[in-house]
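Protein chains: 2
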Amino acid sequence: MSNAPNLQQNRYKADLREVRFLLFEQFKLDQILGQGPFEAWGPDEVQMVVDEAYKFSCEVLGPLNAVGDRTGCRLEGGQVYTPPGFKEAWNKLYEAGWMAVSAEPEYGGQGGPFTLHITIQEFMSGANSAFIMYPGLAFGAAEVIQLFGTDAQKEHYLRTMYGGKWGGTMCLTEPQAGSDVGSSRTTAKKLPDGKYAIRGTKIFISGGDHDCAENIVHLVLARVDNAPAGTKGLSLFIVPKVRTNADGSLGEANDVTVGAIEHKMGINGSATCVLNFGENDGCVGELVGTVENQGMSQMFRMMNGARISVGLQGVAVASAAYLNALEYARDRKQGPSINNWKDATAPRVAIVEHPDVRRMLLDMKSRVEGIRALIIKLTRHFDMTRVLQGKDDEQALYHQGQVDLLVPLVKAYGSDQGFRVCETAIQTYGGAGYIKDYPVEQYCRDAKVFSIYEGTNHIQAMDLVGRKLGQRGGANLQGFLGDVAAFVKANEKHPVLGKAVKELGEAQEAVAGTAMRLLGWFQMGKMPMVPLSANRFLEMMSETAVAWLLLDAAKIALDAQEKLPAGDESASERAFYEGKKHTALYYALNVLPHVRLSAEILGREDSSALEISTESFATV
Amino acid sequence: MSNAPNLQQNRYKADLREVRFLLFEQFKLDQILGQGPFEAWGPDEVQMVVDEAYKFSCEVLGPLNAVGDRTGCRLEGGQVYTPPGFKEAWNKLYEAGWMAVSAEPEYGGQGGPFTLHITIQEFMSGANSAFIMYPGLAFGAAEVIQLFGTDAQKEHYLRTMYGGKWGGTMCLTEPQAGSDVGSSRTTAKKLPDGKYAIRGTKIFISGGDHDCAENIVHLVLARVDNAPAGTKGLSLFIVPKVRTNADGSLGEANDVTVGAIEHKMGINGSATCVLNFGENDGCVGELVGTVENQGMSQMFRMMNGARISVGLQGVAVASAAYLNALEYARDRKQGPSINNWKDATAPRVAIVEHPDVRRMLLDMKSRVEGIRALIIKLTRHFDMTRVLQGKDDEQALYHQGQVDLLVPLVKAYGSDQGFRVCETAIQTYGGAGYIKDYPVEQYCRDAKVFSIYEGTNHIQAMDLVGRKLGQRGGANLQGFLGDVAAFVKANEKHPVLGKAVKELGEAQEAVAGTAMRLLGWFQMGKMPMVPLSANRFLEMMSETAVAWLLLDAAKIALDAQEKLPAGDESASERAFYEGKKHTALYYALNVLPHVRLSAEILGREDSSALEISTESFATV
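If you read the protein sequences in the order shown, they are chains A and B.
Taking the UniProt record's numbering, I'd label the letters of the first sequence as residues 1 to 620.
Taking the UniProt record's numbering, I'd label the letters of the second sequence as residues 1 to 620.
One should not assume that every hint holds.
One copy or two, either will do: identical chains are not told apart, so a pair holds if it fits within one copy or between any two.
[Stated by the list, open to error] Dumping the calculated DSS-like pairs for lysine-lysine here, alpha-carbon to alpha-carbon at most 30 Å: (1) Lys436 to Lys55; (2) Lys526 to Lys499; (3) Lys526 to Lys92; (4) Lys333 to Lys165; (5) Lys436 to Lys526; (6) Lys526 to Lys391; (7) Lys92 to Lys502; (8) Lys489 to Lys436; (9) Lys499 to Lys563; (10) Lys87 to Lys436; (11) Lys87 to Lys165.
What the hints contain is simulated information worked out from the structure, not anything from laboratory work.
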């Protein structure tokens, strides 16, 4: 394009005022700092980590985002090489300790709140979604070993993995076993020394090989001899790329080979590998912990974290897309103001002045901020389980239940809407959005995978309706519905937000009613209606949760706004709080009503998609 | 991926039974064949063209789709080179006469219905959306010359352009003039010989240069001396890449240079150019026709066709994505049937058996078939204007009015939903959809531009609410609403479709009511509410139109089904007609209700997006 883009337009950025609002005004992180597991942390320490991690993301990771996309990864002589700069960024990331903020001090971590970890992970995911896959999976694999490994395993693996000396992956998918992970065929044969010979092929392994760390610790789902069929017979194994000695030094190679790397729509800086284990009968692994056939439940714990990270990727990339589109809309002049639309000589205005551009911007803003709030709501619940552990087990269970309930919402709604926001960002740019001089087309390509990996969004929806709704006798759902209802009751007469809160009340009832309907289908032998309707139900619940948290934020903002001193020095704070109000009203009045409609639609029990014969889809 | 894709899975395909249904059962093309302008055409000729053009699309264009994407275009020594095979495909396309099916016999065309032209253009757009840009724009440019050029211009340009000897483009956009085309700065200075010296820079010019034809005829919007500001002062010029002699031979170069080609998210086989006219003061053009300052209205005629083509690109690519996803879903085995979901040893089934996959497939099918029907509805109206011309001018006006009214719906809804279908197709594939071994990720990248070029979809929405609704004193809208109402009245008690038809009736009322509301805003000084709401209104009207045509198809299919002989030989026909029923019910009961909700939402007049200050969007 002849008006060459300012490189600043490609820059990753986040709104730190928004982060501060979430952490300290809406979710009151200070209430758990300085005590229990977070004794060493105060608001200043949190703010410093946020500021420094943001700086790191902008300066180190952001500039590698387009490079990683254009260069991609390369498989040469059996080794994967990451794009230029990735290895250096990996080293800087671990030197600064950004992956260990919430890890246990015992293993080199800093023992901070998970909320803080996720907050800074958003910066890194937004700055470079492909890069963050490598350390993100290493972190997740280490967490599994920390939760389920033997003491010796923890001692051997955790410091090196949290410290970035060794990477990590999770290896579930096989050619015939994607969503149907129970069909895995990879085998594990017990050896005389207690270890296992691993044999099989895994595909779509993110970061399955790379050159950032000296070793990679694969966590591999495999089936031991005579194990039950399906998911119940899967065990989880630690399978390093290079065998390691007791002192942590490297031994010989472990017969883990890279069959291929995929060429993808996006996240090209992340190597997606076909991995062959034991092609030459030389692959050895050790069981995570001491009991076989626990692989699925162990993997689920890892997946919880991974699924939050994917929802976070959705909002992170979407946020970057939104803020770049906003900058473009403020700079780009086109057309006269709507108030002068008939005057061909009227001055041209920045497109941010045009109603439809404002609509797109506010739509993006509301989805980004609402989903981000939902993620912080979740992590705040998680941090509470740690604070309450051993002190108030019942309350801790409530918080753990909310974590479990919200994970599928965060993963599926975060990824679906993340993609939608990127699409809207492209539209905001117009033609410029479609060309590679601007960052949004890459954001859109990168974001498409989020609805697929770590369990497709339908798997999330089935997790929600098939497992989470009934958990603890339905108490998790009741807890959620009760929290929303309490907010509605307290605020339905609010002078500014009242009509929006009323809409939230109707949405809450629609969710409750539809949950009962789903339960009825389970019991009335209408089982196929459940998966047919699960995605829509997940969306209903997500929209309700997001509207709730946006309205909650708006109420806090309006209260804070009242306390601001008059005058110009408060102008930017006032504008910030005003934005919160408009964001909540927009979402509640334009998006949230879908919940009511969805309940009505599901109530009709249209089963056309079940009734249509496979032959009727097309004659070819 | 280790299970390497069958190349057949990459193949373009269309459902010819569906095409036959549309042409002959739903839109009864035979009623206008063999008479008036279509005297030379019968159903057999139409069917033969369909079959052969489909074969050509599959065999010649389809295999170049991925090639064009991966190779892209190349600018070397001022000349653009298209991907390998494009030039040969261009030659074959014109040898076979596929671009001249509906062109005037006087200029080498075959004089067939526009409906037939569009039907076969769908195959070509679906098989290779990037390639078809080159001949598509040449066709559009030729049409403008045919409509507005002098006899000498027609004589000089039309045969060469319809015949593919020369290409063509439309040059509107400039760096500061995108949606705001009235801000164009390109100038035209009258020369003593009556021609004009052209000077200026145009950007985002599709097919702005290429190596397929020996010359390219650019249609350039420019402003003559002392012309009025804005769109009223724009004139349209014929500016060939190479000057031509009276006998059609080529003269010297015309000082049209390629400044750059864009690197894009998709349609990489289509060269998107920056064109500099008259950089060395050597660019000469001639006015289209004889009157200055008619450029916008002339360009609008060209844009009508171009906008239909873009909506068609949306449905074409979406249809290819749907049919590929369907094939994958029939082949790919994963997980047990929902009826055996608790049995880990149950046989694995093709994913087409899973309820959520069926939901995605039926959702895609309904959007693809509904929008395709809308396009054929439009072209059928257009063909009627030609049949009725000079015979029944009032009826001809009605049909022309429907064409005008439906163009923005086809362009915007076709492109938006085309992208949505591609997204759903990727999700149907799962991980495989994200990798380049399968065609859907390219479809999705290609499709993103359709909502942007030829007027962004907001420009379409403003065209609808700002121009089309009030055209002929509102008669076009009344005609449309009347047609829908008549269908509702005739079918609201249909035993199978009744409840869906009732929903259509409510949608029709919601559209009518919202149109009045928009009119009210114009009159009540609430002008900014109009652009704020225009996209949603366009979607409401499109959903209503699509549901109407799907239900109409279902009714025809159910009637036809009753007449089928019993027995196996009718099985595939029965399945086809059954599919029409389920498609219509699905769309009417799951998508169409949004129209009611949208009317309700617009009725609230939420203006958050207008009220929020620009500073409130973010603090960065």
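Okay, the hints, checked on the actual structure:
1. Lys436 to Lys55: Close inside one copy (25 Å), not across copies (35 Å); limit 30 Å.
2. Lys526 to Lys499: between (37 Å within a copy, 22 Å between copies)
3. Lys526 to Lys92: neither (55 Å within a copy, 55 Å between copies)
4. Lys333 to Lys165: Neither: 50 Å inside a chain and 40 Å across chains, both beyond 30 Å.
5. Lys436 to Lys526: neither (49 Å within a copy, 38 Å between copies)
6. Lys526 to Lys391: Result: close neither inside a copy nor across copies, 43 Å intra and 59 Å inter.
7. Lys92 to Lys502: neither (49 Å within a copy, 63 Å between copies)
8. Lys489 to Lys436: neither (49 Å within a copy, 51 Å between copies)
9. Lys499 to Lys563: So Lys499 and Lys563 pass the 30 Å test inside one copy only (24 Å; across, 55 Å).
10. Lys87 to Lys436: both (25 Å within a copy, 26 Å between copies)
11. Lys87 to Lys165: within (12 Å within a copy, 53 Å between copies)
In summary, the numbered hints that this structure violates are 3, 4, 5, 6, 7, 8.
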